Structures are given as structure tokens and as C-alpha cells.
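Number of protein chains: 4
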Amino acid sequence: MEAFSDGVIAIIITIMVLELKVPHGADLAALAPVVPVLLSYVLSFVMLGIYWNNHHHLLQAVQHVDGRILWANLHLLFWLSLVPFVTAWMGENHFASVPVAIYGVVLLAAAVAYYVLTRALISLHGKTSTLATAIGRDFKGKLSTGIYLAAASLSLLKWWIGFSLYVLVAIIWLVPDRRLEKRLTE
Amino acid sequence: MEAFSDGVIAIIITIMVLELKVPHGADLAALAPVVPVLLSYVLSFVMLGIYWNNHHHLLQAVQHVDGRILWANLHLLFWLSLVPFVTAWMGENHFASVPVAIYGVVLLAAAVAYYVLTRALISLHGKTSTLATAIGRDFKGKLSTGIYLAAASLSLLKWWIGFSLYVLVAIIWLVPDRRLEKRLTE
Amino acid sequence: MEAFSDGVIAIIITIMVLELKVPHGADLAALAPVVPVLLSYVLSFVMLGIYWNNHHHLLQAVQHVDGRILWANLHLLFWLSLVPFVTAWMGENHFASVPVAIYGVVLLAAAVAYYVLTRALISLHGKTSTLATAIGRDFKGKLSTGIYLAAASLSLLKWWIGFSLYVLVAIIWLVPDRRLEKRLTE
Amino acid sequence: MEAFSDGVIAIIITIMVLELKVPHGADLAALAPVVPVLLSYVLSFVMLGIYWNNHHHLLQAVQHVDGRILWANLHLLFWLSLVPFVTAWMGENHFASVPVAIYGVVLLAAAVAYYVLTRALISLHGKTSTLATAIGRDFKGKLSTGIYLAAASLSLLKWWIGFSLYVLVAIIWLVPDRRLEKRLTE
Numbered sequence: 003m004e005a006f007s008d009g010v011i012a013i014i015i016t017i018m019v020l021e022l023k024v025p026h027g028a029d030l031a032a033l034a035p036v037v038p039v040l041l042s043y044v045l046s047f048v049m050l051g052i053y054w055n056n057h058h059h060l061l062q063a064v065q066h067v068d069g070r071i072l073w074a075n076l077h078l079l080f081w082l083s084l085v086p087f088v089t090a091w092m093g094e095n096h097f098a099s100v101p102v103a104i105y106g107v108v109l110l111a112a113a114v115a116y117y118v119l120t121r122a123l124i125s126l127h128g129k130t131s132t133l134a135t136a137i138g139r140d141f142k143g144k145l146s147t148g149i150y151l152a153a154a155s156l157s158l159l160k161w162w163i164g165f166s167l168y169v170l171v172a173i174i175w176l177v178p179d180r181r182l183e184k185r186l187t188e
Numbered sequence: 003m004e005a006f007s008d009g010v011i012a013i014i015i016t017i018m019v020l021e022l023k024v025p026h027g028a029d030l031a032a033l034a035p036v037v038p039v040l041l042s043y044v045l046s047f048v049m050l051g052i053y054w055n056n057h058h059h060l061l062q063a064v065q066h067v068d069g070r071i072l073w074a075n076l077h078l079l080f081w082l083s084l085v086p087f088v089t090a091w092m093g094e095n096h097f098a099s100v101p102v103a104i105y106g107v108v109l110l111a112a113a114v115a116y117y118v119l120t121r122a123l124i125s126l127h128g129k130t131s132t133l134a135t136a137i138g139r140d141f142k143g144k145l146s147t148g149i150y151l152a153a154a155s156l157s158l159l160k161w162w163i164g165f166s167l168y169v170l171v172a173i174i175w176l177v178p179d180r181r182l183e184k185r186l187t188e
Numbered sequence: 003m004e005a006f007s008d009g010v011i012a013i014i015i016t017i018m019v020l021e022l023k024v025p026h027g028a029d030l031a032a033l034a035p036v037v038p039v040l041l042s043y044v045l046s047f048v049m050l051g052i053y054w055n056n057h058h059h060l061l062q063a064v065q066h067v068d069g070r071i072l073w074a075n076l077h078l079l080f081w082l083s084l085v086p087f088v089t090a091w092m093g094e095n096h097f098a099s100v101p102v103a104i105y106g107v108v109l110l111a112a113a114v115a116y117y118v119l120t121r122a123l124i125s126l127h128g129k130t131s132t133l134a135t136a137i138g139r140d141f142k143g144k145l146s147t148g149i150y151l152a153a154a155s156l157s158l159l160k161w162w163i164g165f166s167l168y169v170l171v172a173i174i175w176l177v178p179d180r181r182l183e184k185r186l187t188e
Numbered sequence: 003m004e005a006f007s008d009g010v011i012a013i014i015i016t017i018m019v020l021e022l023k024v025p026h027g028a029d030l031a032a033l034a035p036v037v038p039v040l041l042s043y044v045l046s047f048v049m050l051g052i053y054w055n056n057h058h059h060l061l062q063a064v065q066h067v068d069g070r071i072l073w074a075n076l077h078l079l080f081w082l083s084l085v086p087f088v089t090a091w092m093g094e095n096h097f098a099s100v101p102v103a104i105y106g107v108v109l110l111a112a113a114v115a116y117y118v119l120t121r122a123l124i125s126l127h128g129k130t131s132t133l134a135t136a137i138g139r140d141f142k143g144k145l146s147t148g149i150y151l152a153a154a155s156l157s158l159l160k161w162w163i164g165f166s167l168y169v170l171v172a173i174i175w176l177v178p179d180r181r182l183e184k185r186l187t188e
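Chains as they are written, first to last, in the working numbering: chain A, 3 to 188; chain B, 3 to 188; chain C, 3 to 188; chain D, 3 to 188.
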């Protein structure tokens, strides 16, 4: 399951670059319309990098899987697979309100799918398992979900509120968090 | 063989999203023509997820392979590789009768290829092997093949008959089936 | 090296399907222009399947690699990576003479690259190694190279001579060959 | 981390071929506009091959990773993922000055990202580790970075200066390692 998930996330993160359409001109001005697409690509690259990172750590602690886990995992991959689509839509429309909001909806769905996956894993491994204590209360996960919900709504007012909130989530996760790693090495 | 197959299925399931063409408008109305493509994407994602799941379990029980198995496996992957094409054709034509029928023909061919693969595996491992008893009579596989055949024909009358039958196959497989897992853990 | 090569071949074999452009109509007639592209896709799928199969068996017997081997391998992957391009060109032009000939040139280059790779492996492992005896005189490899050369030239006269010769190469390799497997299991 | 990185590099190196647009004509003349794109594809294929090769060797010596390493690695993959985009831009504009310069900027950024990754790995493993002594002064790495900087600037004067310098970097890395490195470290 880990190899398959790693493969799918690797493909998603890479094919996003196919949405960077090659400009027709050969000067710097020709790159201008690509800039917002590139910017949204950078954001999504970081977001998917965070998912890969967390997912990778999560699966390290997994000892057995069943059909429910496999499908909870595919459900997460489904929402992540929509990221290239909403990234391109957001970028090509220069961060218009609706695409920025829909981008948040997809991230929100992925966050919920990740939560469902962790719950399924805990229910299979038991509440006293290493996995369960490692996941803990998952404060960052719940916080992110809340921020995505706010971001998706507020982008309809001003696109940059939503966008800033997505960047905020990225920063929250990029700040080193040795909690899970620590518990796993103990 | 498992790594290669997992890789191919991971790529197929992911590149399908490239068929979701980014709409030009920036409002919700611009998303409307994407809805049927997204719907057919969801269906195919689930179908390929089922194949990955079954294929993954099947290969766990495999102990040795020969050239015939490798080609039976590639034959299956060939039909699965056509899924993105028929998915996009079906979605972009808003589930017109012929594309819905052809979608069923590809699924039917994949189901037959899967059956051929299991037969080749059983003939190599012997009828009394764990693998053979694990596969058993493969009731679900035969049922699915029959439904695909019916669906491909009936879609020509009404598209939604075929579509509903595809959904039915998905439901049949999504219902937990611990038979194979049980036999394997024994 | 094996994982990377398997990954690249899996991607090449799968992205080829992206060249099957979704037709605009929704009836069977709309599929007509896709037929030659599909036919050339089937041929290339089999060809790449043969390469994957042989390459996979070859690497099983490899015990150590150096920089030269890595580059000989990348050289082979380079030519294989051009297969989707020439496949699409051949298919979209309904097997016109020049594209059919260029298709053969790419296959010829891949066959030469495969030969160079086996020579580099033998020179590293020694002429009396299992690998060297397993590869042996590589009659099929040399025969294929000759047929590709003939096919590339003769397609300029009649496209179907070249095409038939490509099919002939595929058949030569699809006929079970337990020589390498036998030597490896000894 | 190695499997994921290998996967991403394998995908990047392969999807580049999707930028080779199938020409509409069926004669050799129709291939003419593809030639510069093919040429830039060959260059980038070699460049990514060098990265894969070095990265692969680097990770062999790695004994443990932390969050910082994972992100330094993703940072490298990000810049490599932009290679298909700048390759296509450079090729489709027949090596115009600005695209050739931007190509160098992306390679420069990737070289810096690789350097940052090696520093992070050394700081984690210690200055006396096998890894640190294996990386050594990394003369070739620093030299390449310098050449990229020069190439990116000089392409604005004459495109072929930049292009020749990229080829020079490729040659520096393709020349077998040990002899040269030994001489350089003496």
C-alpha cells in the first residue's frame, strides 16, 4: 500500500507541471501569464509534499491493513488527485474568487479523508497502540481542517484571504514537528 | 511483476485526471461541463481501485511466475490502460449511448483478462495450492463479467441502464469480502 | 537501477495512451480515425512489454553495476522513451511510409542500445559468469536488429512490409523462450 | 525517500517526451520543427540522468533522515520538476536567448538545491561520517554551479555560448569519476 500511495503522490506532484503551458513568445514578457500558474504550482507542490511527508510517517507506524484501510487510503488519493485540476484552474484564472474557494474545498476534502484514514487505522490497531499515541489528538490536522473551511468561504469575499490562509496552513506544517518521530523512535 | 503492475495502475489512475480539462471561465457555471467528466472519473477511479485491490491480493498469494503469467498480466494492464480513454470519451459526450457501451466493452475485456490471469496462475501453482483455493469459484468475478456484458448491450437502449449496472458492479466489490484474506491468513 | 528502469518503462507504456485523443463525436464512426492510432498503440505496447520482460530477466542476473552500466541503461531508456512519439506519429498518419520507417529506426536504436547494455554487463561480470552464459549468443536479439534494419528501409517502398516485419519481431519474442530462465534457475 | 525521489525523477524524465508534439505532416520535412525540441530533450534527459545517478549514489550513503532532509530533497525535486517546462520552452523557440538563459537559471537553482541537500545530510551525519568524506569538497558540484551562472548570463549575448556551457557540464559529469576526482583532490 505504501509503494502504491507513494507512486500515486509522486505522479500527482509531477504531472501538475504539465499544466504549465509553454508560452509562445521567447521573451520574459511571455512568461508573465505563467507566473500565477507557477505560483499556484508552488503552493500545491508544498501541500502535496506535506501530505506525502505525513502519509509516509503514518504508514511507518502501520502494522496491518484491511479492506477498509485500503479504501480510506484510496479515498484520500482521490481528493489529492484533483489537486492538479484545481491548481491549474486557480492559476489560469489569476486567483479569481471561485477557483480559489474550490481549491480550498478540495484541500478540505483531502484533510477530512486523511482524518478518516487515521481513525480507521486507530480502530484497527487499538487505542493503546503506538500508532494511536503517535497520532494523538492531531491538533495540526484539526486546525488545518478549520482553516480550510474558513479559507474556502472567505475567498468568495476576497481571494487573497483564502490564499493567505492556505499559505498559513503550509507554514504550520513546515515548522518542524518531532512529536510523531519521537514517539516512533521511543 | 508486482512493482511494475502497481506502478502501471498508479499511473493509469492518476493520468485520468489530465482528461479533466481546465475550464476557461472562473465561475461555478464554468464547472458545469466538467461535471459529467468528473462523474465518469469517479466511477473509473473506483473501478481501477477495485482492480488494484484485487490484483494486489492475488499477487500476494503468487509464489512463482513464468512468461505466460507475465503476458497474461500485461494483457490485463493493456485493457486497464484504455480506461482513461473511454472514461474521457464517455464524460465529454455526457454519457451518450455508444461511449457508455464501449466503456463497458473495455471493462468486460479487462474482466476477461483478469480471469485468464487467474487461470494461468492456478495452472502453474496447481489446483490444490493456497492460491487456487483462495481464488475459489470466483463468483464475484463471473457475476461482474455477466453484468458488464448486459451493461454494454443495454446502454445502447438507455445510457443510464449501463451506467447503473457499472455502479452495481462497484458496489458488489466494495462490500467487504474477507474470504480471500481469511484463506491467506490461515 | 531496476526500480528506476521499471518505473520509466511503466510510465512510457502508460503515457502512450494519452496520445489516443478523445474523439469529438459520440458514435462508432467517431472512433474510426482512432483505429490506426489504437493499432500502433497495441504494437508498441507489445514491443515495450517485450523490453520490460527481457530487461527484467536480464537485471535478475546482474550482480554489480558501475557508471558505464548506468549510462548504457539510460541510453536504452532514452530510445524507449521516444516510442510514444513515433507511435503517435505513425498512427495519426495512418501508417504513411516515412513515419513507419522512423518507427523502425527508433526500435533499431533501442535494439542496439540493449545490445550495448548486455556487452557492458558481460565485460563487467566476465565471460564465464552466469550472466554471460545466460545471454549466450543472443540470437533473437541479433535477428531482431536485422529485421528492424530491413523493416525501416522497406517501409519506404510499402508501409505494410515494415509493419509486418515489426509484427514478426513481436511474434519471435512472444514465443516462449525458457533458455534464460532455465540457466538462471540452474 | 529514495523510492519516492526515484519515482519523481523517473516521471519527470519520461513526461518530457509529451512535449514532443506529434507533427501533422507525414514526411521527413514535417520532423524539422521537432528537431530543436528533440535536441533540448536529449540535453535535459542527460542532465536528469546525471541528477538521478548522483542522487542515487548520495542516498546509498545516507543512514538516517529528518524533516529538514525530506524538505531539502523535495526542494531539489521541485526545481527538477521545472526542467520539462523550460526544456520545451527552449526547444519550441529554437534556442532563443531568453529561454536558454531561463533554462540555466532552473539548472542553477537545482544545483544549489542539491548543494543544500548535501549540507543538510552532512550536518545530520557528522563531518567525519562516510557520507561527508564521500561527498568531500564536491569540486564538480561547485564547478557546475559556476558554469550554470556564467551560462545563464552569457546566453543573453549569444544563445550558443550558454548551450555549449550546458553541454560542457554534461561532459564533466559523464567523464568517468574516480580518476578525475582523485587528480582534483590531490
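Check each hint, because a few of them may be wrong.
Given that identical chains are not distinguished, each listed pair holds provided it fits within a single copy or across any two copies.
Cross-link-like lysine to any residue pairs, in silico, SDA-like; alpha carbons within 25 angstroms at most [as the list claims (entries may be wrong)]: (1) K129 <-> I71; (2) K160 <-> G27; (3) K160 <-> D29; (4) K129 <-> L156; (5) K142 <-> G69.
What the hints contain is simulated information worked out from the structure, not anything from laboratory work.
Since the model is a prediction, treat every value here as computed from it, not as a measurement.
Right, here's what the structure says about each hint:
In this assembly of identical chains, the alpha carbons of K129 and I71 lie at most 25 angstroms apart only when taken from the same copy (16 angstroms versus 31 angstroms across copies). Taking CA atoms no more than 25 angstroms apart as the test, K160 paired with G27 passes between copies only; the shortest distance there is 18 angstroms, against 32 angstroms inside one copy. Proximity of K160 to D29 under the C-alpha cut-off of 25 angstroms is restricted to the inter-copy arrangement: shortest distance 14 angstroms between copies versus 32 angstroms within a copy. In this assembly of identical chains, the alpha carbons of K129 and L156 never lie at most 25 angstroms apart, being 37 angstroms within a copy and 49 angstroms across copies at closest.
In this assembly of identical chains, K142 and G69 lie within 25 angstroms of each other by CA distance solely across copies; the values are 16 angstroms between and 27 angstroms within a copy.
Of the numbered hints given earlier, the model fails hint 4 alone.
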